[in-house]
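Number of protein chains: 2
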Amino acid sequence: MRMARVLVVGDEVPDIETGLRELLEVADLVVTSGGLGPTHDDRTVEAVAAVAGVPLRMDEAILGRITAWTDAYAARSGTDPVRYATGNRKQAHIPEGAEVLGLAGTAPGLVLALGEKRVVVLPGVPSELRRLFEDAPGHPLLAGLFDGTHERDRWVTRTYGISESRVADLFAEAGGDAPGIETSICARNYEIEIDVRADPQRADAAAALVERLRALLGDHVFATGEQPLAAMVLELARRRGVRIATAESCTGGMVAAELTSVAGSSDVVAGGAVTYSDQLKIALLGVPEQLLARHGAVSAEVAEAMAAGARQRLGAEVAVAVTGIAGPGGGSDEKPVGLVHLHVASPWGGEGARTQWPGGRADVRLRATVAALHMLREHLGADSRHFGA
Amino acid sequence: MRMARVLVVGDEVPDIETGLRELLEVADLVVTSGGLGPTHDDRTVEAVAAVAGVPLRMDEAILGRITAWTDAYAARSGTDPVRYATGNRKQAHIPEGAEVLGLAGTAPGLVLALGEKRVVVLPGVPSELRRLFEDAPGHPLLAGLFDGTHERDRWVTRTYGISESRVADLFAEAGGDAPGIETSICARNYEIEIDVRADPQRADAAAALVERLRALLGDHVFATGEQPLAAMVLELARRRGVRIATAESCTGGMVAAELTSVAGSSDVVAGGAVTYSDQLKIALLGVPEQLLARHGAVSAEVAEAMAAGARQRLGAEVAVAVTGIAGPGGGSDEKPVGLVHLHVASPWGGEGARTQWPGGRADVRLRATVAALHMLREHLGADSRHFGA
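Sequences listed follow chains A and G, in order. Here the first sequence is numbered in this note's numbering, starting from 1 and rising by one per residue. Here the second sequence is numbered in this note's numbering, starting from 1 and rising by one per residue.
No lab work stands behind these hints: they were computed from the structure. Treat the numbers as computed from the prediction; the structure is a model and nothing was measured. Note that beta-carbon positions come from the ideal geometry of N, C-alpha and C, so glycine has one too. Keep in mind that a hint or two might mislead.
Stated by the list, open to error - Listing some non-contacts, in silico: residues in chain G with all C-beta distances to chain A over 10 Å:
#: 1; residue: R5
#: 2; residue: E17
#: 3; residue: G37
#: 4; residue: G53
#: 5; residue: T79
#: 6; residue: A168
#: 7; residue: D204
#: 8; residue: R212
#: 9; residue: G264
#: 10; residue: G272
#: 11; residue: G286
#: 12; residue: G296
#: 13; residue: G330
Stated by the list, open to error - Distance ranges between label pairs, derived from CB positions:
#: 14; chain 1: G; residue 1: V54; chain 2: A; residue 2: A143; range: 19 to 25 Å
#: 15; chain 1: A; residue 1: G225; chain 2: G; residue 2: V8; range: 23 to 29 Å
#: 16; chain 1: A; residue 1: D195; chain 2: G; residue 2: R89; range: 23 to 29 Å
#: 17; chain 1: A; residue 1: E99; chain 2: G; residue 2: A178; range: 44 to 50 Å
#: 18; chain 1: A; residue 1: V100; chain 2: G; residue 2: E134; range: 42 to 48 Å
#: 19; chain 1: A; residue 1: A178; chain 2: G; residue 2: E99; range: 21 to 27 Å
#: 20; chain 1: A; residue 1: P288; chain 2: G; residue 2: E12; range: 55 to 61 Å
#: 21; chain 1: G; residue 1: A74; chain 2: A; residue 2: P288; range: 35 to 41 Å
#: 22; chain 1: A; residue 1: E12; chain 2: G; residue 2: A208; range: 45 to 51 Å
#: 23; chain 1: G; residue 1: Q227; chain 2: A; residue 2: K117; range: 28 to 34 Å
#: 24; chain 1: A; residue 1: V82; chain 2: G; residue 2: Q312; range: 33 to 39 Å
#: 25; chain 1: A; residue 1: P347; chain 2: G; residue 2: G286; range: 25 to 31 Å
What the hints assert, rightly or not - Stretch by stretch, here's where chain G covers chain A in the computed footprint (C-beta under 8 Å, at least three residues):
#: 26; region: 169 to 180
#: 27; region: 341 to 353
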């Protein structure tokens, strides 16, 4: 199975109809997302029925399930259940011949056969879309479609601290693509992901290419799977039996938020301090006032003191500190917008980094967040004998 | 000017070519995004040249500008500038007749005339795409396209704490759409945005519809513009002359990160504490140990104590606290996953809220973040005479 294309159209039925017809010409399976809500501008089901040439009919069983959902919601929220009746009736209308994959709140996911082709109708809310989509291949109307497909072999290589140009050069040096092998090199969240896919009969050649490439990339390779960076950091901390704390200025809590986005992070993440003001750097993290006066809040010295304070005050063995100028204001000739100091401290040593990035406020903050996580990963992954401790 | 459609295609030149040809049939202006990088799998420019029926040629002036950029980058990062030569030459090849809109890093944005139609080629990195796109209408090749378009009048109404179904009912009650008036009702970040657009000659009718709708929605309307919620909160705090602190458990820094995402937030945001563990709730926020023992960390009492502690320890007049069970683990019959307690405290009073949400970890955390910001907004916006202070 190969993704042919993704098409986004407007809310009007003719736009949706035209889009569906075009996609059905190039694909065996068309999956729609969104436009299933209770409001008048959610028109996907109407358009699917028009393309199928069938009427919409009220499905009493579905109406019952939707009404049960809104009754429970009304009881929880203390609202009048009658309020939802009109929306429920709208959402219980489905194309004749369509089968229900499941309910996402009050929205039924649907599957419909159009000759040999299939249309799957899913809600737009990402988590609900994912849940219904994961169940879809088990549906009798869809099972045949997924049966005949072969999965291509795939190798993921993720690098940090090396430019996309340089990765491309090394990829060419490693041999580059060949028939039956297809590679994409993609920059995302300031890492470069190299994704090699191969037909099964070309798996050996692809594996050899990947091995040559990884050797050339060396220490820049930090992952060969899709585990999120924050989850890697937590796993390394768990293995070492240490807890992590954060001390953030310009990232304003983003590093802590990223670490705690991982389920089960509470056994490793002690907590964090967001110290935007100098007063809080002093009060919460014990940064010496004279250090702030001498070097300024955005300095290697203050980053180090923040990390040391976080270790001590937040009860963690390992701490990462970030202080910088995210902009657009606050920059100077000496300390321009985009300047960020980071520091990681642990029982086995400490490391600082000074970085200077281009881009706007959101870019600098995201980049500093990613850099802080990579510093934690490297520090936690490093052999402790490399450090003075 | 109306957006006809958005099409996403694969990285192969034939896919891009087919897509471009189809779009040029339905639109006067086609804007591409992405595929301009230095690597071999960035093939947009090649496909555009094929569709235009012109060869690629090396643009020496552009090569000079790109090389200046990579030379500066190499100097900053201490790498060998020769590394970038291959990528630079690739990126300096542009379709004959194309004009350069500007550089995004090493990637030239382009504009090309195909008869009366125009193709604009932009990079995929959102901030760089935006920058080049904003300059585009000034280009001589594009000026004509934008001249003849009329802007439709538009009314934005954002609500919180009311279901999409109920909004749809009230919209129908207010009169609903009419010829020349088009409305979309969209749920995003747990708010419902009602977007009414009208042709200029229908502006009066649309304004009357919006007025009726807003009257029916009452206090659920919190904004009639597109200012981000966090920016609204900061502006309200600024008007009152107060500073804000955050005390977060399950949201792990997301509330602080959202508040500090706004430029200039440092005059209002004092800072925040991410207290994942009970020990930190005690140490950083002064939550009484017996309160935690008696009520548990996820309780109205602890939320209130966290907010009080944040006000006192973080030097802010106003604090918001969030403690909850984001899941997937950690739930019980009495305190299930999705249970979140919030509390806002200020010199003019305090307010708590107990909420119970469905959804996964990311949903619960985002929803709690949004709820905390709305509590701040309501508390800061409320007349202080309503409170006991």
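We went through each hint and held it up to the structure:
1. Not every C-beta of chain A lies more than 10 Å from that of R5/G, the closest at about 5 Å, which undercuts listing it as non-interface.
2. With a minimum CB-CB distance of about 13 Å to chain A, E17/G clears the 10 Å threshold, and the non-interface call stands.
3. The non-interface label for G37/G is inconsistent with chain A: the shortest C-beta to C-beta separation is roughly 6 Å, within 10 Å.
4. No Cβ of chain A comes within 10 Å of the Cβ of G53/G; the nearest lies about 23 Å off, and the non-interface call holds.
5. With a least CB separation of 8 Å from chain A, T79/G falls inside the 10 Å interface cut-off, contrary to its annotation.
6. Non-interface status of A168/G relative to chain A is broken: a Cβ of that chain comes within 10 Å, the nearest being about 4 Å off.
7. With a closest Cβ-Cβ approach of about 22 Å to chain A, D204/G is found to remain outside the 10 Å limit, as its non-interface label requires.
8. Remark: the non-interface label on R212/G is consistent with the geometry, its nearest Cβ contact in chain A lying 16 Å away (cut-off 10 Å).
9. Consistency note on G264/G: stated as away from chain A, yet its beta-carbon is not over 10 Å from all of that chain's, at 6 Å minimum.
10. With a cut of 10 Å on Cβ distances, G272/G falls inside the contact zone with chain A, its closest approach being about 4 Å.
11. No beta-carbon of chain A is positioned within 10 Å of the beta-carbon of G286/G; the least distance is around 12 Å.
12. Every CB of chain A is more than 10 Å from the CB of G296/G (nearest about 14 Å), matching its label as outside the interface.
13. With a least CB separation of 8 Å from chain A, G330/G falls inside the 10 Å interface cut-off, contrary to its annotation.
14. At roughly 48 Å, the beta-carbon separation of V54/G and A143/A lies outside the given 19 to 25 Å, and the hint is violated.
15. With their beta carbons about 25 Å apart, G225/A and V8/G fall inside the hinted range of 23 to 29 Å.
16. Taking 23 to 29 Å as the suggested C-beta distance range, the pair D195/A and R89/G conforms, at roughly 25 Å.
17. Under the hint 44 to 50 Å, the C-beta atoms of E99/A and A178/G, about 37 Å apart, miss the expected range.
18. Restraint check, V100/A to E134/G: a C-beta distance of roughly 45 Å satisfies the suggested window 42 to 48 Å.
19. Against the hinted window of 21 to 27 Å, the Cβ-Cβ separation of A178/A and E99/G comes to about 36 Å, which falls outside the hint.
20. Under the hint 55 to 61 Å, the C-beta atoms of P288/A and E12/G, about 59 Å apart, fit the expected range.
21. Range check, A74/G to P288/A: Cβ separation about 38 Å, and the 35 to 41 Å hint holds.
22. In this structure the hint that E12/A and A208/G lie 45 to 51 Å apart at CB is violated, the actual value being about 24 Å.
23. Distance hint for Q227/G and K117/A: a CB-CB separation of about 45 Å, inconsistent with the stated range 28 to 34 Å.
24. A beta carbon spacing of about 47 Å between V82/A and Q312/G contradicts the range 33 to 39 Å that was offered as a hint.
25. Our hint of 25 to 31 Å for P347/A and G286/G holds, since their Cβ atoms are close to 28 Å apart.
26. Check result for the region 169 to 180 of chain A against chain G: holds, 5 residues qualifying (beta carbon to beta carbon below 8 Å, three or more required).
27. Counting residues of the region 341 to 353 of chain A whose beta carbon lies closer than 8 Å to any beta carbon of chain G gives 0, which falls below the threshold of three, so the coverage claim is violated.
In terms of the numbered hints stated before, the structure departs from hints 1, 3, 5, 6, 9, 10, 13, 14, 17, 19, 22, 23, 24 and 27, listed from lowest to highest.
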